[in-house]
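Produce the entire structure from the sequences given, and follow the hints as far as they go.
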Amino acid sequence: MGSTSSTLLKIPNVEVLMQETGFSPAHIIRLHDRFKALDKEGRGHLCPQDFGAIKELAMNPIGDRIIGAFFSPGKETVDFHTFVKILAHFRPVDKDRPKEPNSPEPINSRSNKLKFAFQLYDQDKDGKISRDELLKVLRSMLGMQVTEEQLESIADRTIQEADLDRDEAISFEEFRKSLEKVNIDHKMSIRFLR
Amino acid sequence: MEGAWEIAFVFFQVWLSIVVGLIMLPAMFGVSLGFTDIYIKVLVKTLEWATLRIQRGQKEQAALPSQSANGIIEKDDGSMQEEIGELRRSHPKNLAGGDFTLCDAFYFCKKGIENIVEDQVTQRFTSEELASWNLLTRTNNNFCYISVRLTIIWGLGVFIRYCILLPLSVKNWLSDLVHITCYRICARGLSATIRYHNKENRPKKGGICVANHTSPIDIVILANDGCYAMVGQVHGGLMGVLQRSIVRSCPHVWFERSEMKDRHAVAKRLKDHIADKTKLPILIFPEGTCINNTSVMMFKKGSFEIGGTIYPVAIKYDPQFGDAFWNSAKYNMVSYLLRMMTSWAIVCNVWYLPPMTRQDGEDAVQFANRVKSAIAHQGGLVDLSWDGGLKREKVKESLKEEQQKMYSSMIIGSDFNEASVGPA
Numbered sequence: 001m002g003s004t005s006s007t008l009l010k011i012p013n014v015e016v017l018m019q020e021t022g023f024s025p026a027h028i029i030r031l032h033d034r035f036k037a038l039d040k041e042g043r044g045h046l047c048p049q050d051f052g053a054i055k056e057l058a059m060n061p062i063g064d065r066i067i068g069a070f071f072s073p074g075k076e077t078v079d080f081h082t083f084v085k086i087l088a089h090f091r092p093v094d095k096d097r098p099k100e101p102n103s104p105e106p107i108n109s110r111s112n113k114l115k116f117a118f119q120l121y122d123q124d125k126d127g128k129i130s131r132d133e134l135l136k137v138l139r140s141m142l143g144m145q146v147t148e149e150q151l152e153s154i155a156d157r158t159i160q161e162a163d164l165d166r167d168e169a170i171s172f173e174e175f176r177k178s179l180e181k182v183n184i185d186h187k188m189s190i191r192f193l194r
Numbered sequence: 001m002e003g004a005w006e007i008a009f010v011f012f013q014v015w016l017s018i019v020v021g022l023i024m025l026p027a028m029f030g031v032s033l034g035f036t037d038i039y040i041k042v043l044v045k046t047l048e049w050a051t052l053r054i055q056r057g058q059k060e061q062a063a064l065p066s067q068s069a070n071g072i073i074e075k076d077d078g079s080m081q082e083e084i085g086e087l088r089r090s091h092p093k094n095l096a097g098g099d100f101t102l103c104d105a106f107y108f109c110k111k112g113i114e115n116i117v118e119d120q121v122t123q124r125f126t127s128e129e130l131a132s133w134n135l136l137t138r139t140n141n142n143f144c145y146i147s148v149r150l151t152i153i154w155g156l157g158v159f160i161r162y163c164i165l166l167p168l169s170v171k172n173w174l175s176d177l178v179h180i181t182c183y184r185i186c187a188r189g190l191s192a193t194i195r196y197h198n199k200e201n202r203p204k205k206g207g208i209c210v211a212n213h214t215s216p217i218d219i220v221i222l223a224n225d226g227c228y229a230m231v232g233q234v235h236g237g238l239m240g241v242l243q244r245s246i247v248r249s250c251p252h253v254w255f256e257r258s259e260m261k262d263r264h265a266v267a268k269r270l271k272d273h274i275a276d277k278t279k280l281p282i283l284i285f286p287e288g289t290c291i292n293n294t295s296v297m298m299f300k301k302g303s304f305e306i307g308g309t310i311y312p313v314a315i316k317y318d319p320q321f322g323d324a325f326w327n328s329a330k331y332n333m334v335s336y337l338l339r340m341m342t343s344w345a346i347v348c349n350v351w352y353l354p355p356m357t358r359q360d361g362e363d364a365v366q367f368a369n370r371v372k373s374a375i376a377h378q379g380g381l382v383d384l385s386w387d388g389g390l391k392r393e394k395v396k397e398s399l400k401e402e403q404q405k406m407y408s409s410m411i412i413g414s415d416f417n418e419a420s421v422g423p424a
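Sequence order for the protein chains is A and B.
Residues in the first sequence are numbered consecutively from 1, following UniProt numbering.
Residues in the second sequence are numbered consecutively from 1, following UniProt numbering.
Among the clues, some could well be false.
As the list claims (entries may be wrong) - No more than 25 Å apart at the CA atoms, straight line, and that leaves these computed lysine-lysine pairs for PhoX-like: (1) A:40 - B:405; (2) A:95 - A:75; (3) A:40 - A:10; (4) A:55 - B:400; (5) A:136 - B:316; (6) A:75 - A:55; (7) A:136 - A:75; (8) B:45 - B:204; (9) B:204 - A:55; (10) A:55 - A:85; (11) A:36 - A:10; (12) B:400 - B:316; (13) B:405 - A:136; (14) A:128 - A:95; (15) A:181 - A:95.
Hints were generated in silico from the structure; no laboratory data involved.
Set out below in structure tokens:
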């Protein structure tokens, strides 16, 4: 496991990373160990197959979409920085953080967590969840357990409830409004022990 | 300047002779001077004190939920139903039970990300992180500079470990490897304290000894108390040299890993060996790869098909003093041995379990599982039904289907036909 400072030194731009993401040095090291463990061939970056090797993730109905969230459009590899930045979305919200007017919104803010979830639905990134996209997600989560009709009826009802401006799609604002009472911090956060 | 060197040299000679006198001679005669026990006691006291100091220094340590020392993230243990139910409770148009809501995806998303950060299988293959710090920086990332006194103790510890324990071990390690005595010296060199339980169940000739596997030192640990024939993989490098020298003293059976693929050839050789009642009991580690000493993974059935009497042995290392786990993906043999030798001590317990034989109507897999449970139970290890080979394998589609089934039963569970479907 290497001593703290020597592992940190091996990671380029680690200071910037810690500042942007808010992870502590110990967390960064653990994530680095994890990154190296996933990067079985030691190439210094991850590809979709490396994620696919995680058994429980392959079992997850929307596993592919979650993996896809790590790779920017067109890119087929993920370096350590991007890996950590994506995972930073799931840091618990910092309650006692002073609100500086000029600083950018932290990656793990409530809004950014919602955006992350929104993108799992909105695969073509046009800012709206269309009926088709919703159907696709539903199909992933339900598999062959339901019929096409049942699926369409669920999708229609969901859009009906959330779509306020009647454009047959759910925009990010409508998405956010529909989930305003959900405890996002608890449900979309992962707490590191120690 | 010259004078200083001479004095240093004299000191060195004196020190060396003390080393020989106190370590090697008693080891050769199997006599313990009781130093190790005292050493261990002192060690425990020091570590406890150090941990207390650290904890006092960290006043804002939030109360941690009780998790296995191995987890790095807090996992919600709720079932899919509970978690999604909670998510929906806040949703305004809540229809108790069925129906889909946009926040359902959060559950899967969070689970997915949790698994990316840490998964059950890989967890088994990383070293246990200790809740208390054993003054080895390597086992805990969080404990850094706390107080001057602690740093001094730590510095002293480094000095002792690297300047005293290490040369001791190296010297001992390279000398006289061929007899059982040499194993005892190695054990001393590694500062190993081994407690054997139930010695009456010790493996007898013509049997097969089966043990759980954590590190290559398992062999040293077991051989300290009896002579075994080894079945194992030929290692290159330093280990290969050691292996060849050991072979000359006892009739061992070594295989190439690729040879082991030919199970029939292996089985035949082993059968021949145990049929000969004068031959030493064979020592086998059926798990096939190093596990990190908190669990016992699926035993490969090959060893259990041969027949004969199985003598199970449970080996459990006390992690408080040094991590004996060898992650073959991360460290090579030499750096691993170096780490072992510079650890404070290696304390382990070995339990000899009563012999077992395959019963009628039991196939090899069931027998293997029975033995595995016995070992896990004795050693206080978690009995996992995961295959150690999972470290390198992929998953089946059917498990994904199970998840889908569970989720769909929540959506469609309630009376679906009554739902109104018409467009907005």
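Hint by hint, here is what the structure shows:
no.	hint	verdict
1	A:40 - B:405	violated (32 Å)
2	A:95 - A:75	violated (34 Å)
3	A:40 - A:10	holds (18 Å)
4	A:55 - B:400	holds (10 Å)
5	A:136 - B:316	violated (50 Å)
6	A:75 - A:55	holds (24 Å)
7	A:136 - A:75	holds (23 Å)
8	B:45 - B:204	violated (39 Å)
9	B:204 - A:55	violated (41 Å)
10	A:55 - A:85	holds (23 Å)
11	A:36 - A:10	holds (12 Å)
12	B:400 - B:316	violated (35 Å)
13	B:405 - A:136	holds (17 Å)
14	A:128 - A:95	violated (30 Å)
15	A:181 - A:95	holds (18 Å)
Violated hints, listed in ascending order, are 1, 2, 5, 8, 9, 12, 14; each of the other numbered hints is respected by the structure.
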